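*Asks:* Can you make the complete structure from the sequences, with help from the hints?
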Amino acid sequence: MTVDAVASTGTLPARASAAVGVVKVANRLSRVLGRGSGTVVGGRAGLVVDPALLATLARDRDVALVTGTNGKTTTTSMLVAALSGASGPAIATNDTGANMPAGHVAAMVDSPRATAAVLEVDESYLGQLIEETHPRVVVLLNLSRDQLDRIAEVRMLVDRWRSALAGLSGSSDSGARGTVVVANADDPMVVWAALAAPDVRWVGAGQVWHDDAVGCPACSGRIEFGAEGAWACDRCDFARPARDAWLEGADLVIADGARQVLTLGLPGQFNRANAAMAALAATEMLTSRTPGAALRTALPLPGVLARLASVDQVAGRFSSTVRRGRPVRLLLAKNPAGWTAIFDLLDEAGPGDAPVVLSVNARVADGLDTSWLWDVPFERLAGRSVVATGDRRIDLAVRLRYAEVSHAVVDGPLAALDRAVGLSDLGTAGPDRGPGTIEFLGNYTAFADLRRQL
Amino acid sequence: MSGSARGTALTVAVVYPDLLGTYGDGGNGLVLARRASWRGIDTRLVQADSGRPLPTADLYCIGGGEDGPQVRAATALREDGTLLRAADHGAVVFGVCAGFQLLGRSFPDSSDRPQEGLGLLDITTRKGTGPRSVGELVATVAPDGPRPGGGGSLPRLTGFENHGGVTSVGTGARPLAHVVSGVGNGSGDGSEGAWSGRVLGTYLHGPVLARNTALADLLLGWALSDPGGPAPLEPLEPLDDAEEMALRAERLSAVDGSGRGHLVRRFLHRRG
Numbered sequence: 001m002t003v004d005a006v007a008s009t010g011t012l013p014a015r016a017s018a019a020v021g022v023v024k025v026a027n028r029l030s031r032v033l034g035r036g037s038g039t040v041v042g043g044r045a046g047l048v049v050d051p052a053l054l055a056t057l058a059r060d061r062d063v064a065l066v067t068g069t070n071g072k073t074t075t076t077s078m079l080v081a082a083l084s085g086a087s088g089p090a091i092a093t094n095d096t097g098a099n100m101p102a103g104h105v106a107a108m109v110d111s112p113r114a115t116a117a118v119l120e121v122d123e124s125y126l127g128q129l130i131e132e133t134h135p136r137v138v139v140l141l142n143l144s145r146d147q148l149d150r151i152a153e154v155r156m157l158v159d160r161w162r163s164a165l166a167g168l169s170g171s172s173d174s175g176a177r178g179t180v181v182v183a184n185a186d187d188p189m190v191v192w193a194a195l196a197a198p199d200v201r202w203v204g205a206g207q208v209w210h211d212d213a214v215g216c217p218a219c220s221g222r223i224e225f226g227a228e229g230a231w232a233c234d235r236c237d238f239a240r241p242a243r244d245a246w247l248e249g250a251d252l253v254i255a256d257g258a259r260q261v262l263t264l265g266l267p268g269q270f271n272r273a274n275a276a277m278a279a280l281a282a283t284e285m286l287t288s289r290t291p292g293a294a295l296r297t298a299l300p301l302p303g304v305l306a307r308l309a310s311v312d313q314v315a316g317r318f319s320s321t322v323r324r325g326r327p328v329r330l331l332l333a334k335n336p337a338g339w340t341a342i343f344d345l346l347d348e349a350g351p352g353d354a355p356v357v358l359s360v361n362a363r364v365a366d367g368l369d370t371s372w373l374w375d376v377p378f379e380r381l382a383g384r385s386v387v388a389t390g391d392r393r394i395d396l397a398v399r400l401r402y403a404e405v406s407h408a409v410v411d412g413p414l415a416a417l418d419r420a421v422g423l424s425d426l427g428t429a430g431p432d433r434g435p436g437t438i439e440f441l442g443n444y445t446a447f448a449d450l451r452r453q454l
Numbered sequence: 001m002s003g004s005a006r007g008t009a010l011t012v013a014v015v016y017p018d019l020l021g022t023y024g025d026g027g028n029g030l031v032l033a034r035r036a037s038w039r040g041i042d043t044r045l046v047q048a049d050s051g052r053p054l055p056t057a058d059l060y061c062i063g064g065g066e067d068g069p070q071v072r073a074a075t076a077l078r079e080d081g082t083l084l085r086a087a088d089h090g091a092v093v094f095g096v097c098a099g100f101q102l103l104g105r106s107f108p109d110s111s112d113r114p115q116e117g118l119g120l121l122d123i124t125t126r127k128g129t130g131p132r133s134v135g136e137l138v139a140t141v142a143p144d145g146p147r148p149g150g151g152g153s154l155p156r157l158t159g160f161e162n163h164g165g166v167t168s169v170g171t172g173a174r175p176l177a178h179v180v181s182g183v184g185n186g187s188g189d190g191s192e193g194a195w196s197g198r199v200l201g202t203y204l205h206g207p208v209l210a211r212n213t214a215l216a217d218l219l220l221g222w223a224l225s226d227p228g229g230p231a232p233l234e235p236l237e238p239l240d241d242a243e244e245m246a247l248r249a250e251r252l253s254a255v256d257g258s259g260r261g262h263l264v265r266r267f268l269h270r271r272g
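Protein chains in written order, with our numbering: chain A, 1 to 454; chain B, 1 to 272.
Treat the hints as calculated values from the structure; they're not laboratory data.
Incorrect hints may appear among the rest.
Said to hold, decoys possible - Looking from chain B toward chain A, a few residues come up when the C-beta cut is under 7 Å (computed): (1) 22; (2) 53; (3) 242; (4) 246; (5) 247.
Stated by the list, open to error - Covered stretches of chain B (in silico footprint by chain A; criterion: 3 or more residues with CB under 8 Å from a CB of chain A, positions within the stretch not fixed): (6) 65 to 71; (7) 202 to 209.
Note that the structure is predicted; figures quoted are calculated from it, not measured.
Ideal Cβ positions, reconstructed from N, Cα and C, are used throughout, including at glycine.
*Replies:* Structure (structure tokens):
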């Protein structure tokens, strides 16, 4: 248990040093015993030894927090890529998906020399993370229904975000650097929370899911959605704020009129949204700002977009594999907004004839309630060969029956892929897809199950 | 009523899905509409968003939702008046969770102030003092519960509950079911849901009608029969509910371990 490994963040108090040692030992044990990837166990143990460990490790680091219902992991990954090579030797990041404080502690212990940390944060923990890490940048992607049995309902969550963001300080005249919030201006729930923050970059990143944002959070009015993501309450003056940047198709447009096409390694419009948010966040992280000088019209710094484009998979998501000679694309979607975005991606990818394997579990990490399946527009899969699998394949089967989408039900993701191979003629190639590709869509643990079995 | 007899159009309205649809309860309307149209009944399914007049329908489904939208929906429904008039003329009203609570006399808002409900069911809801009730729920339909067309009684109900309310059933309504596993109304008498006439409410998501097709068909039977006449004597034409039965069996066995797993395995064997 040496302390020198954490020397770059300054001398740690004795208690924190001991806690860091505990984190390392526990993680090593966990990995050796094969009990997991060894991130959460150590982090938890460390926090028991020193409850202030997260705050201590974050001190002297430039921290960016990324949260929201969908796109957290991808945006975090893009932000890390955008900062890499420009911000010193390494960036601490929780790229294993462990997005609660134990995971954040483990990430920072793992990268002791990193002077920056990019942390994906579970929506429920944003307040604690802001308080303990004093971030330079907070990225708010979107907010919609997800895991209602575990995470709070959207309105409770947005109120908690709002109070947490109200406690931030902006850059002061004395030169102290405050926190910049990079917020999705197209999501009224995100805007309601972010309006409480002192310094915000508004990005029109798009929002496919409006059903959790119809009631105005400011009054008893109704949010009406118009063209190109514009929205406004029909009773009060709550409306989409003036945007600093926005997406127009594949272009990232800056308020002064500059535009730059986003060429990415990841497919789909929602990944362009993630990239826009990451680009603005990276620019804030990389810019030494003079006090009081707003940077509202700056294009992302040169290199940022190029580095973003290098991300071509995120923890296996959007990656490809081969099963019985057929290419398989692996896609993850966890909630109605996420599945809707993935269906958009399927439509973008080419003619609607590629077979689809759907896999759904309802373990703790997924949410125990499968009712959300009925908010997903499975009707859009009509005409494709569909195979249902996962722990909750019968829930899927019933949902598909009422969507009038014919389907097979198969136990186990590999057997389901094999069934898809056997069921279908080769689908047609599309812009993002080779001929004969099978699309695999799984929710959180179902996706992990397939990756493990492959 | 546009569809008070078989063969004419049946209109199913999902009430304010933009406010009350947080838990997939829109699926209840879909299940009802499909089960009617699969039987050759000309059926219309309407997603009746808030902010405009509520259309006339034979069967209204009101889903679960968050506190703010629940208050908004109750106020709008009272001001609009269509639902109350339709219920008065024999339309079927089916509420789930927040949609169940707002059918009653009063329910709490997010600050625990009582809000006036629609008064279609003699129930009163207050905030519970313990943690939210979250998890699988199984309940047996009460002896004085609603009877399906053709006699007999409804099979056990299965669903997923997620609520913080405690609901008391008054003398003007009857409990829908008695809880076997889970919380339900949480008022200490083991009751779950309530019903009276052609108004029925429950805490069960799932959506509940996908997991309990007998309850779906009971509501359809009500909507397809003359409100002034006797309860329907004939059951609806049976459908191939193999997948729904397998889902019921799996969910019931997950809760009570009653050995129904073999039904699931048989189903999966057949399908797989």
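*Asks:* List in ascending order the numbers of the hints, as given earlier, that are violated by the structure.
*Replies:* 2, 3
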